[in-house]
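Following the hints, put chain H in place on chain X, whose structure we already have.
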Amino acid sequence: MEFWNDPITTMFNSLLESFTSGSMSVATATVLIYALGILLFVTFAMVLDIFLVWIERKVVARFQDRLGPNRIGPFGIFQPFADIVKLLIKEDITPIGADVVLFNLAPIFSMMSVLLLWAILPFAPNMVGVDLNVAMLYLVAAGSIGTLSVIMAGWASNNKYATMGAFRTVAQMVSYEIPMVAAILVITVLAGSMGTVGIVEAQEEWWQVFFLSAPLTFLIFLISAIAELGRSPFDLNEAESEIVAGFHTEYTGMKFGLFYAGELLHSFTFGGFIALLFFGGHRFFGLENLGPIVGALIFIGKALFFYWVIMWVKYTVPRIRIDHMLAFNWKFLTPLSFILLMVTALVGRLLLDSAWLVPALFLSNVFIGWMTVLYLKSHERKTREAEEAKSVPVAQH
Amino acid sequence: MESPWIYVGVFVLVGLFIPIAAIAIAAFLGPKKPNAIKQSTYECGIETVGDSWIQFKAQYYIFALVFLVFDVETVFLFPWAVSLNQLPLFAVFEGIIFILILLAGLVYAWKKGMLEWA
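Line order of the protein sequences matches chains X and H. Per my numbering, numbering through the first sequence is continuous, rising by one, with the last residue being 397. Per my numbering, numbering through the second sequence is continuous, rising by one, with the last residue being 118.
Not one of these hints is a red herring.
Not everything, but these chain H residues come out facing chain X in the computed CB check (under 8 Å):
| hint | residue |
| --- | --- |
| 1 | A22 |
| 2 | P31 |
| 3 | S40 |
| 4 | I54 |
| 5 | L84 |
| 6 | I96 |
Source of the hints: derived by calculation from the structure; they are not laboratory data. Idealized CB from N, CA, C, for every residue including glycine.
Isolated chain X, as found in the complex (with noise of 0.2 Å):
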């Protein structure tokens, strides 16, 4: 019963007592245990992308009217398993005047940086990597290793394309980490933690998960978090139609193969990230008191719902101009974003500990999320009549 109760911990020890017995220090098996179970979780986050390429190619069929792969295996499923093979056995071809060294790193770190963020993501109270204290730095450090690979991938694949999509890379992730992180301020104001765990066990209550409490910060994350993938609307760095395929374009082979799956695995970690910060992590309304494992299941349910919402967005927006992009992140969602968090920080500390603070914050939202939809409607208006009066009127006859 132990075990399930908290199986990493109990594997831990049992594991730490049978290395320790010979003549093994107690720091080197603690290392070494690390590295076995962080390279057994790691197989495991490959193994679920291999699922994702399935799912994202299921699913995108079926928003396109199509079947999707439907040959090998039941339902295809064994379809990302041939794609594998295919770009194993695929050359690996580096163009001419490429920097060979950043050429080969980009790819390497895309993967890295997602992986990295795999270390914090709390699947239940006592299955989570580590439980750091500085966790939403973290988050941000992560995703800024990701934006570094695609710029080194931009510039080191001597293409001109390329170099554009990384250019608009900068100009996106970069500009849509203000409002990320403001919105992962909201969170910490609310949790008063900057722990995954910490922000977990502050959305004890089902009424108390931070979607109820910050609806607007939500909204403003899931859409920051779209920008820091670069998947649709924001495909700006790749835009297939525009810059052949933007920073990947001279990569072949498992390069390509690694951008592919760091972007599915990626969305599918921002997911993750949504439930713990808005939905309560592995809690269901009761259900997660049956054990880890089942808090676990739940939490992956949870991310796999959000890279859902995600691929749903992907597949229905269309993508939008690089100045309608950056006037959208600049002009409305870091002022949005930044007048949330003074008032969550305000509300949040008057009514600290009041049975009234959920109700007060969601409130806020409305009003808050009620006066931008009538300044915008005010503002929209006021353009449309100056444009009106600059217009040469008709003639009268």
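Leaving out everything else, chain H in the frame of chain X:
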């Protein structure tokens, strides 16, 4: 768990190892027959002209500058946000004034037309 950063360090190593292993296996299995045409830059179908490290729009640089201001300052907000519930109410107003100064910078950049993509 003595230090969580040991775990993160091991995670970085494993995170580097997995993609390197994938690329190494692919390099081992795949054919290696390079030639000049195959390795030429793929752009739009006709031959590439000039260097790819071209001049780029200065606007990218300006957005990066505006970002830098915000990103550095938001790091200062994290300790404030974590300990907000233990601090006196005065600290909330201090934080709000700090954010307002940040937003004043954004408004300045906005009024100067730095946020226009022209």
